[in-house]
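Colleague: Listed below are the residues making up each chain.
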Amino acid sequence: MTVANFVGVFLPCLTLVVFLAGIVYRIRKWNRAPVGKMTLTPAPSTVPEKWKQILKEVLIFKQLFEGNKSLWAGTWVFHVALALILVGHSRVVTDFPRLWSALGMSNANVDSMSNIVGGTAGVILLVMGIYLLFRRFAVHRVREISDVEDYVSLCLILAIVISGDILRFGTHFDLNQTREYFAALITLQPVTIPSNPYFLLHFFLGQILIMWIPFSKFLHIPGVFYSKALLYQQ
Amino acid sequence: MSSENQKKDHEIGQAEIDKVVAAVNAIKDGPRVLQLYMDICAKCGTCAEQCHVSQADPSRRTNPALRSDRIRKLFKKDMSTIRRLASALAGMDSRNLLNKDTVEEWVRDFYECSGCRRCAKFCPLGIDNSVITRKGRAILHSLGLTPTKLVTTQEVSDRFGNDEGFPLPAFMDVIHFLEEELEEQHGIPIKIPVDKEGADVLYVGASADFASSPDTVMGYAAFFHATGIDWTMSYEACDAANMGLFSGDDPHMKGKNKILHDACLRLKVKRLVIGECGHAYRVAKHIGGTNYWGNDIPYEITSIFILASEALRKGLLRLDPSRNSVSVTYHDPCNFGRSAAITEEPRELIRACVSDFREMTPNREHNWCCGGGGGLANFDSAEGVKKRETTFEEYRMKIAGKKKLEQILATRATYVASPCANCKRQITQLMEYHKTGVQVGGVFDLLNRAIILDKSHRPRIVPPQTEFEKTDVSAPSLKEADPSPAKPTGSSLSVVQLSQVKPESADLSRGIMEKKAPEAVELKGVGLCAVYSQQGEWAFDYALSLARRNKARLNIYQFLESPYTFQRDVVFVDAAKTKTAPVTPELIAEKDKELRFWYDERLGGYVNVGFRLCEGNDDWEVKKCFKRGDYEVLVIGYQGPGTPFGGATTIEKFARRFRGAVVLVGPDDPHSFYVNKQAEEMLGRLNIPKDRWRPLD
Numbered sequence: 003m004t005v006a007n008f009v010g011v012f013l014p015c016l017t018l019v020v021f022l023a024g025i026v027y028r029i030r031k032w033n034r035a036p037v038g039k040m041t042l043t044p045a046p047s048t049v050p051e052k053w054k055q056i057l058k059e060v061l062i063f064k065q066l067f068e069g070n071k072s073l074w075a076g077t078w079v080f081h082v083a084l085a086l087i088l089v090g091h092s093r094v095v096t097d098f099p100r101l102w103s104a105l106g107m108s109n110a111n112v113d114s115m116s117n118i119v120g121g122t123a124g125v126i127l128l129v130m131g132i133y134l135l136f137r138r139f140a141v142h143r144v145r146e147i148s149d150v151e152d153y154v155s156l157c158l159i160l161a162i163v164i165s166g167d168i169l170r171f172g173t174h175f176d177l178n179q180t181r182e183y184f185a186a187l188i189t190l191q192p193v194t195i196p197s198n199p200y201f202l203l204h205f206f207l208g209q210i211l212i213m214w215i216p217f218s219k220f221l222h223i224p225g226v227f228y229s230k231a232l233l234y235q236q
Numbered sequence: 002m003s004s005e006n007q008k009k010d011h012e013i014g015q016a017e018i019d020k021v022v023a024a025v026n027a028i029k030d031g032p033r034v035l036q037l038y039m040d041i042c043a044k045c046g047t048c049a050e051q052c053h054v055s056q057a058d059p060s061r062r063t064n065p066a067l068r069s070d071r072i073r074k075l076f077k078k079d080m081s082t083i084r085r086l087a088s089a090l091a092g093m094d095s096r097n098l099l100n101k102d103t104v105e106e107w108v109r110d111f112y113e114c115s116g117c118r119r120c121a122k123f124c125p126l127g128i129d130n131s132v133i134t135r136k137g138r139a140i141l142h143s144l145g146l147t148p149t150k151l152v153t154t155q156e157v158s159d160r161f162g163n164d165e166g167f168p169l170p171a172f173m174d175v176i177h178f179l180e181e182e183l184e185e186q187h188g189i190p191i192k193i194p195v196d197k198e199g200a201d202v203l204y205v206g207a208s209a210d211f212a213s214s215p216d217t218v219m220g221y222a223a224f225f226h227a228t229g230i231d232w233t234m235s236y237e238a239c240d241a242a243n244m245g246l247f248s249g250d251d252p253h254m255k256g257k258n259k260i261l262h263d264a265c266l267r268l269k270v271k272r273l274v275i276g277e278c279g280h281a282y283r284v285a286k287h288i289g290g291t292n293y294w295g296n297d298i299p300y301e302i303t304s305i306f307i308l309a310s311e312a313l314r315k316g317l318l319r320l321d322p323s324r325n326s327v328s329v330t331y332h333d334p335c336n337f338g339r340s341a342a343i344t345e346e347p348r349e350l351i352r353a354c355v356s357d358f359r360e361m362t363p364n365r366e367h368n369w370c371c372g373g374g375g376g377l378a379n380f381d382s383a384e385g386v387k388k389r390e391t392t393f394e395e396y397r398m399k400i401a402g403k404k405k406l407e408q409i410l411a412t413r414a415t416y417v418a419s420p421c422a423n424c425k426r427q428i429t430q431l432m433e434y435h436k437t438g439v440q441v442g443g444v445f446d447l448l449n450r451a452i453i454l455d456k457s458h459r460p461r462i463v464p465p466q467t468e469f470e471k472t473d474v475s476a477p478s479l480k481e482a483d484p485s486p487a488k489p490t491g492s493s494l495s496v497v498q499l500s501q502v503k504p505e506s507a508d509l510s511r512g513i514m515e516k517k518a519p520e521a522v523e524l525k526g527v528g529l530c531a532v533y534s535q536q537g538e539w540a541f542d543y544a545l546s547l548a549r550r551n552k553a554r555l556n557i558y559q560f561l562e563s564p565y566t567f568q569r570d571v572v573f574v575d576a577a578k579t580k581t582a583p584v585t586p587e588l589i590a591e592k593d594k595e596l597r598f599w600y601d602e603r604l605g606g607y608v609n610v611g612f613r614l615c616e617g618n619d620d621w622e623v624k625k626c627f628k629r630g631d632y633e634v635l636v637i638g639y640q641g642p643g644t645p646f647g648g649a650t651t652i653e654k655f656a657r658r659f660r661g662a663v664v665l666v667g668p669d670d671p672h673s674f675y676v677n678k679q680a681e682e683m684l685g686r687l688n689i690p691k692d693r694w695r696p697l698d
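So the protein lines, in turn, are chains A and B. So the first sequence is numbered by the numbering used here: it starts at 3 and just counts up by one. So the second sequence is numbered by the numbering used here: it starts at 2 and just counts up by one.
These are computed hints drawn from the structure, not numbers from a lab. Don't take each hint at face value.
Here are the computed lysine-lysine pairs in the DSS-like style, where the Cα-Cα straight-line distance is at most 30 Å [said to hold, decoys possible]:
no. : chain 1 : residue 1 : chain 2 : residue 2
1   : B       : 678       : A       : 64
2   : B       : 44        : A       : 71
3   : A       : 39        : B       : 525
4   : B       : 259       : A       : 39
5   : A       : 39        : B       : 436
6   : B       : 20        : A       : 39
7   : B       : 101       : A       : 52
8   : B       : 271       : A       : 31
9   : B       : 654       : A       : 31
10  : B       : 403       : A       : 219
11  : B       : 269       : A       : 39
12  : A       : 64        : B       : 286
13  : B       : 29        : A       : 219
14  : A       : 39        : B       : 592
15  : B       : 29        : A       : 39
16  : A       : 71        : B       : 403
17  : B       : 315       : B       : 269
18  : B       : 44        : A       : 54
19  : A       : 31        : B       : 255
20  : B       : 44        : A       : 58
21  : A       : 31        : B       : 20
22  : A       : 39        : B       : 255
23  : A       : 58        : B       : 286
24  : B       : 255       : B       : 29
Label pairs and their computed distance ranges (CB to CB) [claimed, not checked]:
no. : chain 1 : residue 1 : chain 2 : residue 2 : range
25  : A       : 150       : B       : 30        : 19 to 29 Å
26  : B       : 100       : A       : 75        : 40 to 50 Å
27  : A       : 57        : B       : 198       : 47 to 57 Å
28  : A       : 31        : B       : 159       : 35 to 45 Å
29  : B       : 413       : A       : 150       : 48 to 58 Å
30  : B       : 407       : A       : 150       : 31 to 41 Å
31  : A       : 57        : B       : 30        : 22 to 32 Å
32  : B       : 12        : A       : 150       : 27 to 37 Å
33  : A       : 150       : B       : 259       : 24 to 34 Å
34  : A       : 57        : B       : 12        : 46 to 56 Å
35  : B       : 59        : A       : 176       : 46 to 56 Å
For each residue, glycine too, the CB sits at the ideal point set by N, CA and C.
Given these sequences and hints, build the entire structure.
Modeller: Here it is as structure tokens:
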């Protein structure tokens, strides 16, 4: 098995299985676990209000804003850039010609929008990632609670960001390659794996990250909704 | 003796360590909240910035995330293979995670967190470290490593149904005492109904209030009287405090809550009203109540503050704010603010009772913990200290209470209203330790002073005499006390202390005027608060000479704990504050014997002497004996200006407020006397040389 085959054929199947199995296992376990009453007051009094508040806190990091503005700025911008980039990655898999025509955008428009927004987000993500890593080293109270896992996960994200940024800014990378690849992969046809080494690295690290989500601190992505729902139950 | 037995040296062997590991591993099938908290912490460090302990002492072990990691890392290390791989990758060495020493350190780690939930308020991921703290405490409890004070309080509570260990006669005695005080303060009889079936409201507070905050309890009675609410207290259910929340002992928590539930059913009340006690209300309303006994319980659970705020809005209370001339700030107890959403009601009440109210910042649900939460306020000893030098008391005064101290001083208020027995004790000690001169009390203390009661108003329903009032305790009163060491007569620890006091019948028709003792030419009784110190000796010499000269009875009151430190404990702490012991009849008998031996040789054959060993160190028993006419002048050794004494902030304040004559002897000279106003009026009988006395002020 070549490196390309490993990263492009074997690993995606493994990633899918591991991620789905892991996350389903987690969620099922959380759902089945007994729940005690531990409301943190003042709490919203109805279920819709509860989810409104949770959504607000998750989307704007309200607690951090009240508690620590610099950390808020760092993490919020980091997460928003990350979310933007994840949305942008949909174009790597496929294109949305109908959407663009409905919006009245030409291919050139879409590409320049992608360059500006995606490029900016990619740089911001890199800068904020470095800031967060720096903060782990520099702030004494954060350094003392940081484990190898915390450094490894941040470095992993940084490596993915750097390889992604190289793909965007460094070499010319034609998205048609990936679109064809993913279309073939999903329909179980023989695939042509894009041969750009940075793509292979980026894709490889990305899959490692996805597989790691159900077994690491990245569980905070689904977990935050569960834990806040516990704090604000009626 | 018993102190040794109690403080069992728990050996931590492999069996104990296995037990810890098993308990931590069981989290994987445990409550959702713990499972989540094991998984989702992103280690952002926000909690350390929002923790009062971490802020005051930024050392490694105070970091909330690291405290929780004690359990989290242990949990993560032997989960699935992938976890193990991840832990190996993360450099976690399981050998370093748990051994005899670390388990011992857990005692301080999990008891130095007061479980105030402030970190949960700021955690972006919604992690409430207090849940992990409580889990850690529960594990320690299963190993028998819970601090002695908490264990004995739970034992006392299991035996008596209340944390203070009041037997029925003592409880009734306090009730009658409070009724008399109320009548004196308000000029009309105010009844405190006990175990009245069919009342609308069963009122339950913290039993600690009876001893250390009688003014608060009087405030409740005045409040119910003014609003005409048909209420009752109950002896069986006289304590809503629940140590099970603090020790992680769920069966105890449920058992203590059942007492309230049973009383509500038995007395057929419509509402269970919890008093000024944050955790008690949280347990009664949000942890127990419907969660334990089903949604169809025939009574509603509410807080005295909600009732008071309703009464205020309906205009049922007439309050005169000018009667409270102090400037008041309000401390939000964590369990009210962050766990029960009671923040506005107490403020409404305070604003109506005082003319100068100031907020401290931050406040409400963002308030800093007093530093005594989670049961900590009651710990003084050096337990759990192996490598750490501080006793719990020093820790509370210097570290845990630091934020609170700064916050209170910044308001420049002279009175902190703090509706929680835990917070009250902690903040009172804090104010005294740092010599701030700030008073600490409850919200209903302020109401009791501000409330204007209709003098012609009589209670609408005069409750029938309860059967308890007929129970006459036949133990001899102090005056007939046998000078030989008292034999403990029962298993109850307070019997020796309190049952000698004959419960006076609550005769409502008796006027206040009749109570005043007729002027006597000679003294009939001299009271002495004994203490083994230089000034205590001087006070003794003076009191004895005074008694001899008047052929009067010398009544010696010995406090189990020094009255000069002001703390009320069911646990006896020796002078060095290292050894604690529960107050058992044996301990009381031993201390009583010590007292008699000490004074027998000093009395020089004077036999007209009575001894009384007062449990704890607060002063209400001394006050009660004065009321009963056991003495007309109280002599106390004066250790210097500003010394705390028996529940009052300072001994001077105590003497000024005391209804009878007080003579303080000392502090530097056996012939230096400080007298209060009442003593000044009867100077002629006190045998003090003209130029040797000074008025207090």
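Colleague: What hint numbers does the structure not satisfy?
Modeller: Numbers 1, 3, 5, 7, 8, 9, 10, 14, 33 - these are the hints that the structure violates, sorted from lowest upward.
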